[in-house]
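Based on the sequences and whatever the hints tell you, model everything.
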Amino acid sequence: MLETLLPILIFTALALAVIGAVRRIRLWRQGRPSRVNLLKGLVALPRRYLVDLHHVVGRDKMISNTHVATAGGFVAAAALMILVHGLGIANPLLGGLLLLASASMFVGSLFVARRRINPPARLSKGPWMRLPKSLMAFSIGVFLITLPTVGLLPDSLIEGSGSWLLALVLAGVVAWGLGEMFFGMAWGGPMKHAFAGALHLAFHRRAERFSTKKGGAGRSTGLKALNLEDEAAPLGVEKPADFTWNQLLGFDACVQCGRCEAVCPAFAAGQPLNPKKLIQDMVVGMAGGSDATYAGSPYPGKPVGEHAGTPHGPIVALEGKALVDADTLWSCTTCRACVEECPMMIEHVDAIVDMRRHLTLERGKTPNKGAEVLDNLIATDNPGGFDPGSRLNWAADLNLPLMSDLKQVDVLLWLGDGAFDMRNQRTLRALVKVLRAAEVDFAVLGTEERDSGDVARRLGDEATFQSLAKRNIATLSQYRFLQIVTCDPHSFHVLGNEYGELGGHYDVRHHSTFIAELYDAGRLTFSPWKGGSVTYHDPCYLGRYNGEYDAPRNVLKALGIEVKEMERSGFRSRCCGGGGGAPITDIPGERRIPDMRMNDVKESGAELVAVGCPQCTAMLEGVVDASAEVRDIAELVADALVERPTDGASGRSRRPAATTSAEEVTV
Amino acid sequence: MAFDAIFEPIEIGKLTIRNRVVSTAHAEVHATDGGMTTERYVRYYEEKAKGGCGLCICGGSSVVSIDSPQGWWSSVNLSTDRIIPHFQNLADAVHKHGGKIMIQITHMGRRSRWDGFDWSTLVSPSGIREPVHRSTCKTIEEEEIWRIIGDFAQAARRAKEGGLDGVELSAVHQHLIDQFWSPRVNKREDEWGGSFEGRMKFGLEVLKAVRAEVGDDFCVGMRICGDEFHPDGLSHDDMKQIAAYYDATGQVDFFGVIGSGCDTHNTLANVIPNMSYPPEPFLHLAAGIKEVVTVPVIHAQNIKDPNQAQRILEGGYVDLVGMTRAHIADPHLIAKIKMGQIDQIKQCVGANYCIDRQYQGLDVLCIQNAATSREYMGLPHIIEKTEGAKRKVVVVGGGPGGMEAARVAAERGHDVTLFEAAEVLGGQITIAAQAPQRDQIAGITRWYQLELARLKVDLRLGTRADEATLLDLRPDIVVLATGGQPFLSQHPEWGYSENAEESLVVSTWDILSGKVAPGKNVLLYDAICEFSGVSAADFLADKGAKVEIVTDDIKPGAAVGGTTFPTYYRSLYEKEVIMSSDLMLHKVYREGDTLVAVLENEYTGALEERVVDQVVVENGVRPDEALYYALKEQSRNKGQVNLEALYAIQPQPSLSEEGEGFLLFRLGDCTAPRNTHAAIYDALRICKDF
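Chains as they are written, first to last, in my numbering: chain A, 129 to 795; chain B, 308 to 997.
Take the hints with a grain of salt, since some may be wrong.
[What the hints assert, rightly or not] Below, a list of computed lysine to any residue pairs in the SDA-like style, where the Cα atoms sit at most 25 Å apart: (1) A/Lys658 to B/Leu686; (2) B/Lys827 to B/Ser810; (3) A/Lys658 to B/Asp889; (4) A/Lys658 to B/Arg698.
No lab work stands behind these hints: they were computed from the structure.
Printed below as a string of structure tokens:
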């Protein structure tokens with residue numbers, strides 16, 4: 129009986145899967161076009177899966193092994209099952225392999241089941257709770273029906289008259305498994321992640337983020353430019369269908385593991401954002417419906433079931449509720465912790481900025497200080513609205529060389545908007561002192577410099593970003609320099625990774641990288657560290673965005689500091705809360721992100737936290753009753769500088785140089 | 308950026324100043340070796356530059372000629388080329404930290420003393436006596452005028468060759484240039500007087516000669532007054548005319564403007580407004596001058612607070628603010644603004660200890676900052692943490708000495724506990740601040756309160772420490788700063804008793820602290836003639852009492868400095884307080900409901916009586932030594948301070964000696980009654996090496 133039933137079951141499931149797949153693909157195709165080389169993507173798929181994706185999944189060895197066993201077992205079992213039971217090729221070898229595959233899958237599914245006993249909050253429940261059972265049903269069912277194929281069980285036991293009941297039960301189990309695995313995969317069940325995930329890997333909108341055989345590390349973190357000339361293109365994303373088709377595909381790949389949720393600083397602060405929920409809301413919107421069936425953690429403070437949307441309806445309602453509330457989108461610090469953790473390579477930050485673009489460019493609804501900051505940027509080329517002529521006020525007594533005078537130097541020192549901020553001016557003065565001590569040939573743009581456009585872009589004002597960027601590029605094009613050095617990771621990122629698309633290609637160094645190079649070249653000498661214990665906070669835009677984790681630590685090591693690492697450091701560093709314009713849009717939560725970060729510092733036991741970003745410094749120093757002092761790496765280096773004796777003192781009688789002190793840098 | 312106006316650079320002539328804050332010219336009384344800017348002088352200005360001050364104009368009343376005496380106020384002597392290398396040291400020290408430095412140059416004319424040094428014959432346009440210095444002078448002759456004009460030019464050359472960034476010609480405080488300007492003093496009928504142009508001629512010739520000598524790329528400014536406040540002196544309109552006249556020459560790079568003339572005691576007090584004045588009382592005069600000139604205007608007078616400075620600059624009243632006493636109190640003022648440490652700025656309280664010392668020819672010191680102008684001795688403005696052991700330091704007494712001791716010990720990183728018997732910190736400052744117009748002295752305490760909180764000093768207020776409590780804390784060091792009590796028991800005839808019901812006299816502390824209500828008809832006997840007596844008299848009169856203040860000294864408030872006794876006198880005369888001198892308090896007795904005070908004339912011995920309902924006596928402080936003697940024998944060092952180490956600003960040798968038990972130091976009035984500065988200085992120099 130089974131011999132008849134199984135092929136019917138298998139091919140029915142496959143047929144339904146194909147129908148479902150077509151329907152699913154149709155959903156994705158609602159999105160706007162995106163140029164992807166489909167063939168190349170498919171060819172690259174195995175490597176992207178086995179190397180890049182595995183690199184992320186492999187951070188959790190247990191779940192990684194579980195997935196290898198379960199998914200590997202399933203893929204093999206499914207293929208073999210079609211051959212053996214679908215097409216009736218009852219080859220004992222194939223049968224044996226099928227037994228192995230299903231056994232492996234079964235072992236994997238045991239671990240999947242174990243994870244579902246008291247699952248962590250980040251994991252979605254609902255249909256996901258039945259998945260281990262379905263996996264077991266499939267694997268046990270397939271195992272049992274295959275036993276006769278290799279002769280381990282007499283056919284008669286199942287096929288004999290009178291055992292029809294057993295056969296029926298087995299068929300039922302197999303049908304359950306097939307239903308979940310094939311039908312569910314294409315019709316929106318938990319297994320959808322395998323189908324959409326594989327295609328997303330192949331057709332990812334950032335092909336350049338994957339490693340290459342030639343040794344390319346694979347990194348793509350710059351936001352993609354909006355084509356402001358194309359009148360047909362929407363200004364950002366208003367409705368789900370405004371995303372590109374492969375972005376929609378990406379949302380569909382979400383496996384609801386909640387790794388993003390676990391690392392999201394806004395979620396932890398009780399702000400109304402959960403990256404996982406956001407992606408699921410996009411899935412709801414793409415198909416049309418409400419979020420009532422969502423079975424994970426909600427946006428803090430926002431009950432599930434009150435939001436609904438359609439592919440062509442607005443994501444954010446003009447009034448009332450639609451798919452997502454605006455404050456969810458404005459809670460994001462663009463720290464990329466979610467993207468870094470996502471095993472499905474979903475690009476949450478791109479999606480959020482796409483939606484912000486619509487809110488800012490089409491609706492003019494940048495909340496709180498957002499509109500003021502953007503107005504300032506338009507009027508004064510800096511977010512604070514300061515007189516653009518005052519960008520060099522902090523250096524009136526330093527006689528900084530200007531690019532407009534020199535035209536050609538080794539290093540162009542990019543000041544950033546920290547030049548208007550008294551705290552960051554200390555960092556800049558320290559950096560100038562370091563550059564001078566190392567006798568670096570450098571100059572600044574001075575009042576010719578404009579904001580890099582970082583904040584405008586993250587707030588969704590692509591037009592202002594591009595205007596600033598193009599004018600900066602035009603200014604830079606007048607001068608010759610080998611590299612740009614900056615103490616601002618945001619400027620570093622934008623100049624290095626986002627100006628390229630607009631025609632500006634530069635070799636940009638964060639100051640920690642540059643200082644590390646100077647030290648390695650023997651151009652700096654430090655006195656031994658006498659302070660207390662030190663930890664290091666990785667700025668998001670230096671670390672996750674640009675992969676620079678080593679240089680700051682090398683500099684600290686050169687200073688004689690042994691870094692007491694925080695639990696969350698390196699690629700898992702917790703954001704300070706200062707990125708993405710979050711302090712400007714200032715969405716209330718239950719806690720403040722910088723407070724949590726300073727608590728991380730406290731737990732490390734360090735008395736001083738070294739940073740390398742003006743934004744981080746501002747956020748962390750804003751913490752009341754902090755247990756640790758906040759110093760930029762440049763300041764620590766400037767303090768430790770041992771000035772080398774200079775030759776050729778003038779004939780005038782000079783007093784011995786007073787020792788330079790910390791406060792001297794500040795004045 | 309809350310202080311953007313302060314931190315906007317400005318061009319003066321061809322010079323870029325990094326911010327808008329100036330330490331304006333004042334006599335430092337630091338120049339040594341015949342008026343040379345030696346190490347103390349250099350370090351004093353270097354500290355300001357290091358602390359971020361934009362421009363220092365040093366050398367108030369630095370002389371250009373040998374007949375303008377240099378020695379009285381140890382001012383800088385620009386009459387000799389000997390000064391040039393010293394200027395180079397000074398300029399290097401300031402420039403190294405990004406600051407700029409100019410010097411005020413002047414000939415003081417009649418405004419000096421002749422009875423010493425070279426026994427100069429002072430000169431003045433019309434030979435009219437100067438009352439404040441009681442100085443007589445001769446009528447200047449044409450030859451002398453041209454000589455002095457040449458001296459100005461040579462002095463400017465020396466400043467330039469020494470690497471300074473400019474000179475400020477003093478035409479203020481009734482120096483020679485403005486002696487020529489003022490019709491009160493210039494009665495000449497020749498070309499150097501009479502008409503407006505005649506009175507302007509000397510200053511103009513000086514300016515022309517200086518400019519011809521130094522050229523266009525060296526700053527030359529003028530300091531002028533905005534209104535002399537003398538009915539027959541130069542009015543604000545006169546000064547506007549004068550400023551516009553010199554501005555029109557195109558040879559002046561900036562004007563420094565201050566309010567008030569100063570050739571009487573009363574107007575002198577305006578020039579350096581003490582704490583009785585409102586903030587920036589004469590800003591309107593400087594703003595008036597700014598209206599008529601085309602170059603930057605600097606104004607200094609009672610600008611002490613960064614917010615105030617920002618407000619003035621933002622309002623555009625003037626281009627630069629002088630924060631001179633503010634920098635004496637805290638040379639790191641600007642750095643602290645930049646560090647976001649506004650609360651850590653030690654703000655000038657207008658006690659005028661600095662300027663009142665200067666008028667006596669003593670070196671300028673700060674009442675509350677003992678490190679100022681002692682930088683050369685190694686006294687630090689920023690206390691470094693100790694690299695040695697962390698000690699348990701117990702300070703007893705929350706007056707200025709105790710607060711400074713606790714602050715310094717805590718900055719060193721020690722574990723500090725401070726006991727104060729009263730419910731609030733401050734000691735005698737708290738009492739002093741009760742008098743009318745003296746409330747700002749409490750700013751000294753306010754700063755310590757903030758610092759001690761920041762440094763997490765364990766404050767035990769309202770707790771009188773006894774021997775057992777102290778020793779329970781197992782201290783490594785005990786600092787006693789317990790002060791003392793009013794010394795009313797010196798003469799039994801005064802009828803003082805510890806029983807308040809029986810005592811015939813009360814102290815000024817009783818009155819100011821509110822412990823004893825003011826009488827209706829009060830005799831206040833002041834044997835000390837410092838602030839406390841006049842403060843109590845002012846307080847009593849303010850509460851409606853009829854007051855006679857009597858002293859055996861030359862006048863009530865005789866020991867109050869030159870810029871402060873006038874503001875007391877204004878208040879006392881206005882309230883009809885009777886001031887009597889040369890009388891000692893012989894005896895007090897009770898007669899019915901009234902008290903009879905018997906006074907004895909010091910010079911005739913004659914007795915006179917006053918029938919009053921309250922006798923208040925100010926007879927200074929008797930040290931409170933009980934706790935000291937209770938602890939002395941148990942302490943390792945027997946309470947002794949090594950004077951050689953103390954005076955040399957070296958660590959007390961006992962600090963490095965091994966041994967069991969605690970070290971004991973006492974300072975301030977519990978040793979001998981001195982003043983706030985003495986207590987703070989001792990605390991700093993003893994505790995800085997803990």
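Going down the list of hints, with the structure as the test:
{"no.": "1", "hint": "A/Lys658 to B/Leu686", "in the structure": "holds (22 Å)"}
{"no.": "2", "hint": "B/Lys827 to B/Ser810", "in the structure": "holds (18 Å)"}
{"no.": "3", "hint": "A/Lys658 to B/Asp889", "in the structure": "violated (63 Å)"}
{"no.": "4", "hint": "A/Lys658 to B/Arg698", "in the structure": "holds (20 Å)"}
Checked against the numbered hints given earlier, the structure breaks only hint 3 and satisfies all the rest.
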